[in-house]
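Assemble the whole structure, with the sequences as input and the hints as a guide.
Heads up: the sequence shown runs through residues -14 to 265, numbered per my numbering.
Among the clues, some could well be false.
Claimed, not checked - Cβ-Cβ distance ranges computed for the label pairs, FRET-style:
hint : residue 1 : residue 2 : range
1    : Ala100    : Arg37     : 40 to 48 Å
2    : Thr170    : Ser138    : 35 to 43 Å
3    : Arg143    : Glu193    : 16 to 24 Å
4    : Thr170    : Thr101    : 23 to 31 Å
5    : Gly30     : Arg245    : 23 to 31 Å
To be verified - In the SDA-like style, the derived pairs of lysine to any residue whose C-alpha atoms are separated by at most 25 Å in a straight line are:
hint : residue 1 : residue 2
6    : Lys188    : Thr144
7    : Lys207    : Tyr113
8    : Lys151    : Lys207
9    : Lys62     : Leu223
10   : Lys118    : Arg162
11   : Lys151    : Ser189
12   : Lys118    : Gly108
Just so you know, these hints were derived from the structure itself, not from any lab.
Even glycine gets a Cβ: it sits at the ideal position worked out from N, Cα and C.
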Amino acid sequence: MAITTVAAVSAVVAGCSAEPAGQDARSEGTLEPTSAPTAGARQDGPPGVLPRKGEVGRIAAGAGLPPVISSIPTRRKVVFLTIDDGWEQDPGFVAKVRSQRIPITTFAMRDAVEATGTPDTSGGAGRYVGAGKWGYFRTLRDAGVAIENHTLSHPNLRTMGFDAQKREICRASALIRKEIGARPTLFRPPFGNYNTDTLRAAKSCGIEAVLLWTATVQPGGKIAYQVPDKRLRPGDILLLHFRPNLARDFQILVDKIKRRGYELGNLEAYLTAARVRQAG
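And the structure:
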């Protein structure tokens, strides 16, 4: 069964806007803002593949703390797409997600969404940095995309005390609830770095699970694997970023995944099916 549920690690390779030292992953070859978080029209039913009865294994958490999840326990050839930060707000990306009903979970970071600070330019010069701000994320929400928590300012949480971590996480959740209309239940720590204080702080902010990843997606739709055989595996969670050329690279990635015989899963539905439970 393909599952990577992490109880405690010191760091995870392949971070968010910047890669931490010592990364060993290998890459393969080659809007209009709205004024209020009102619900938009959606097609019936959630986007993406839904789990079959009995398909998904259990995910256990440490006693009293949210589980830390890197992949979903399933043997089905299904993977999950997640995307972090919010710098490059390409309307073409929203159009693809909406028209193809592609299941995506986003992890929004305030400074990126509001275009405060230095944007991620690893994919080239940006054209849509902060173009719609929170209005852009409301269009994503209305296309069926979940908007989750990636902190206010993208710090390395392991260098911070409990109270400072709690401020980063709780205030980000409050902002997302204000702008999007729903409080996040998932959290992704910047760079994949967390400690026990992070999990304690996340729980106090209403977070139910911490999501990591098994592979990152680089400019050009290339997949950087964190496994020796450099292959997609059932239940993989892929990490993308809101970078320049997002719509083009995203389509390359989706086509590649489908050519390899994989389906795109609805992460929320699979997590529900896993019935995350506390251990101990």
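Restraint check for lysine 188 with threonine 144, where alpha carbons must lie at most 25 Å apart:
OK: lysine 188 and threonine 144 at ~19 Å, within 25 Å.
Does the alpha-carbon distance linking lysine 62 and leucine 223 stay inside the 25 Å limit?
Given pair lysine 62, leucine 223 holds - Cα atoms ~14 Å apart, limit 25 Å.
Is it true that the C-beta distance of threonine 170 to serine 138 lies inside 35 to 43 Å, as the hint says?
21 Å Cβ-Cβ, so the 35 to 43 Å window is violated.
Would the hint linking lysine 151 and lysine 207 be met if the CA-CA limit is 25 Å?
34 Å, violated
Does the Cβ pair arginine 143, glutamate 193 satisfy 16 to 24 Å?
21 Å, holds
When you check the alpha-carbon spacing of lysine 118 and arginine 162, does it fall within 25 Å?
Distance ~15 Å between lysine 118 and arginine 162 Cα, so the pair holds.
Agreement of lysine 118 and glycine 108 with the hint, judged by alpha carbon distance not exceeding 25 Å:
20 Å, holds
Can you tell me whether the CB distance of alanine 100 to arginine 37 sits inside 40 to 48 Å?
42 Å, holds
Does lysine 207 pair with tyrosine 113 here, judged by a C-alpha cut-off of 25 Å?
Distance ~22 Å between lysine 207 and tyrosine 113 Cα, so the pair holds.
Range agreement (Cβ of arginine 245 with Cβ of glycine 30, hint 23 to 31 Å):
Once the Cβ atoms are compared, 25 Å apart, the range 23 to 31 Å for arginine 245 and glycine 30 holds.
Cβ-Cβ distance between threonine 170 and threonine 101: within 23 to 31 Å?
25 Å, holds
Please verify whether lysine 151 and serine 189 have alpha carbons no more than 25 Å apart.
8 Å, holds
Consistency with the previously given hints fails for numbers 2, 8, ordered from lowest to highest.
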